[in-house]
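Trainee: Sequence:
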Amino acid sequence: MTETLVRDEVTVLGRTFEYKWLVATIYVGAVFLDILDITIVNVALPQLGKQLNSDAVEWVVVGYTLALAASIPLAGWWSDKVGTKKAFLVSLALFTLGSLACGFANSMGMLIAFRVFQGVGGGMLTPVGLSMLYRAFPPAERIRVAVVITVPTLLAPALGPILGGLLVTHVGWRWIFWVNFPICTVVFIAAVAVLREHRESSAGRFDLPGFILSGGGLALSLYALSEGPRSGWTATPTLLAGTIGVLMLIAFVYTELRVEHPMLDLRLLKNRGFRSANIVMNVSMASFFGLLFVLPLYLQNYRGISAQASGLITFPQALGVMITSQIAGRIYRRVGPRKLITVGFGAAAVVILAFVTIGPNTSFWEIRGLMFARGLSMGLAFTPIQAVAYSSISPSDMGRASSIFSTLRQVSISVGVAVMSTLLAAFTNLVGKPVDPERALHGYRVSILVSTVLLVIATSCAWWMVKDEDAAATLGK
Numbered sequence: 381m382t383e384t385l386v387r388d389e390v391t392v393l394g395r396t397f398e399y400k401w402l403v404a405t406i407y408v409g410a411v412f413l414d415i416l417d418i419t420i421v422n423v424a425l426p427q428l429g430k431q432l433n434s435d436a437v438e439w440v441v442v443g444y445t446l447a448l449a450a451s452i453p454l455a456g457w458w459s460d461k462v463g464t465k466k467a468f469l470v471s472l473a474l475f476t477l478g479s480l481a482c483g484f485a486n487s488m489g490m491l492i493a494f495r496v497f498q499g500v501g502g503g504m505l506t507p508v509g510l511s512m513l514y515r516a517f518p519p520a521e522r523i524r525v526a527v528v529i530t531v532p533t534l535l536a537p538a539l540g541p542i543l544g545g546l547l548v549t550h551v552g553w554r555w556i557f558w559v560n561f562p563i564c565t566v567v568f569i570a571a572v573a574v575l576r577e578h579r580e581s582s583a584g585r586f587d588l589p590g591f592i593l594s595g596g597g598l599a600l601s602l603y604a605l606s607e608g609p610r611s612g613w614t615a616t617p618t619l620l621a622g623t624i625g626v627l628m629l630i631a632f633v634y635t636e637l638r639v640e641h642p643m644l645d646l647r648l649l650k651n652r653g654f655r656s657a658n659i660v661m662n663v664s665m666a667s668f669f670g671l672l673f674v675l676p677l678y679l680q681n682y683r684g685i686s687a688q689a690s691g692l693i694t695f696p697q698a699l700g701v702m703i704t705s706q707i708a709g710r711i712y713r714r715v716g717p718r719k720l721i722t723v724g725f726g727a728a729a730v731v732i733l734a735f736v737t738i739g740p741n742t743s744f745w746e747i748r749g750l751m752f753a754r755g756l757s758m759g760l761a762f763t764p765i766q767a768v769a770y771s772s773i774s775p776s777d778m779g780r781a782s783s784i785f786s787t788l789r790q791v792s793i794s795v796g797v798a799v800m801s802t803l804l805a806a807f808t809n810l811v812g813k814p815v816d817p818e819r820a821l822h823g824y825r826v827s828i829l830v831s832t833v834l835l836v837i838a839t840s841c842a843w844w845m846v847k848d849e850d851a852a853a854t855l856g857k
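Numbering (the working numbering), first residue to last: 381 to 857.
Bear in mind the hints are in silico, worked out from the structure with no lab data behind them. Treat the hints with caution; some may be incorrect.
Stated by the list, open to error - Pairs of lysine-lysine, BS3-like flavour, derived with a Cα cap of 27 Å:
{"#": "1", "residue 1": "K847", "residue 2": "K719"}
{"#": "2", "residue 1": "K719", "residue 2": "K650"}
{"#": "3", "residue 1": "K847", "residue 2": "K650"}
{"#": "4", "residue 1": "K650", "residue 2": "K461"}
To be verified - Here are the simulated distance ranges between beta carbons:
{"#": "5", "residue 1": "T405", "residue 2": "G489", "range": "50 to 56 Å"}
{"#": "6", "residue 1": "G584", "residue 2": "P562", "range": "37 to 43 Å"}
{"#": "7", "residue 1": "L546", "residue 2": "D816", "range": "30 to 36 Å"}
Built from N, CA and C at the ideal position, the CB exists for glycine as well.
Throw the hints in and build the complete structure from the sequences for me.
Mentor: Here it is as structure tokens:
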């Protein structure tokens with residue numbers, strides 16, 4: 381079976397390629413744009429508010445996030461039922477058409493509606509693509525898949541502010557959405573020509589209660605997490621949304637563990653490798669994206685530089701990740717995932733701790749160096765943790781596993797950003813807009829310290845919970 385997969389070749393335009401690498405290329409192209417879209421839009425928010433004459437500009441981000449939350453859990457069941465190729469194409473089409481429509485919006489209400497439409501496609505794109513990608517590679521080669529996944533996951537957020545700044549400055553905000561259209565169209569045509577259909581006969585009936593409880597619970601919970609730092613955690617809308625959201629999620633877990641064909645098969649978390657990888661990954665993602673939220677605010681609001689300049693300062697992190705993710709892939713079998721993950725996250729915690737010393741005169745080159753070092757450290761860990769997560773997941777469970785993995789990752793990112801927002805709000809009048817420079821600086825330092833603590837927790841979990849034997853299939857054992 382493995383030999384068949386490894387030597388599976390496809391002829392495209394007169395040239396022969398291995399099918400699995402064509403799938404990987406299509407995945408990277410689509411998911412890179414999906415993730416890029418989140419950070420590229422943030423840069424344009426001030427201009428969007430002015431040109432569309434609206435104070436509700438934050439809903440451009442919140443609406444997209446809520447659509448992601450509602451659609452991600454659906455992706456696994458839906459792709460198993462209708463087929464991964466069809467699900468991928470529909471998701472990509474929704475994302476592409478949503479992007480195009482956003483660029484033509486002439487009111488804030490229209491833009492928010494189109495962002496929700498875009499988010500439904502974007503939410504399903506990643507988990508469907510993940511299941512498709514991992515099925516194309518045999519277990520012994522899943523470390524190579526993990527290297528592929530690292531590129532869009534960590535490079536896109538770094539490029540977003542730079543590209544967004546260029547587009548907003550030189551051609552206008554509409555192009556931050558239109559830039560997706562030509563690239564997505566090429567990816568769509570390639571997917572139609574290359575991808576093969578895969579359905580699971582065990583998909584079962586549509587779990588309507590699970591869909592309502594998961595979509596509603598996640599959407600309300602993420603809304604509360606995003607609104608809490610702005611309006612206050614005791615504000616009625618925040619409390620109401622958070623309480624109902626948590627209750628719905630509790631009911632969701634209770635329901636999913638008792639139905640034959642759940643929307644999210646939480647029983648997969650009984651798999652020790654999958655469970656431990658998810659715990660470690662999500663704690664680390666809260667730290668990773670939490671700092672990515674704090675540092676640009678420090679650079680832009682405290683140091684007074686542009687979003688584009690801020691992006692150029694933080695970009696070296698992506699270069700570091702790309703270097704060590706390749707190294708981790710090469711030494712993975714010899715060293716084992718446990719040591720790589722522990723050393724990577726442990727080193728990253730030390731680097732982040734150094735950020736606590738930032739002040740009003742800290743050299744931008746010093747920050748670039750620290751970001752590069754952080755990228756080197758995180759890249760060493762991110763690649764093997766992805767491989768461990770999917771090491772012992774069967775092809776039939778790949779769709780549901782990808783939905784769980786993507787859902788938890790989205791939640792962890794939102795939690796990380798919410799924690800940092802709350803800490804900053806405690807020291808500033810508005811997030812990132814200081815009342816007193818010294819007080820604001822203290823807020824940034826406390827937030828960075830919390831990011832360090834989260835990564836120390838992830839390091840400890842990696843050492844005690846991740847077992848090399850759980851990843852035996854990827855180690856060639």
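Trainee: Are the hints correct? Go through all of them and say.
Mentor: Against the structure, the hints come out as follows:
1. For the suggested pair K847 and K719, the alpha carbons sit about 10 Å apart, so the restraint of at most 27 Å is met.
2. Between K719 and K650 the CA atoms are separated by roughly 23 Å; this keeps the pair inside 27 Å, and the hint holds.
3. Between K847 and K650 the alpha-carbon distance is near 15 Å, which keeps this suggested pair within the 27 Å criterion.
4. The straight-line distance between the Cα atoms of K650 and K461 is roughly 24 Å, inside the 27 Å bound, and the hint therefore holds.
5. The given range of 50 to 56 Å is broken by T405 and G489, whose C-beta atoms sit roughly 38 Å from each other.
6. Distance hint check: the CB atoms of G584 and P562 are about 39 Å apart, consistent with the given range 37 to 43 Å.
7. Checked against the hint of 30 to 36 Å, the pair L546 and D816 passes, with Cβ atoms roughly 34 Å apart.
The structure fails to meet hint 5 from the earlier list, while all remaining hints are met.
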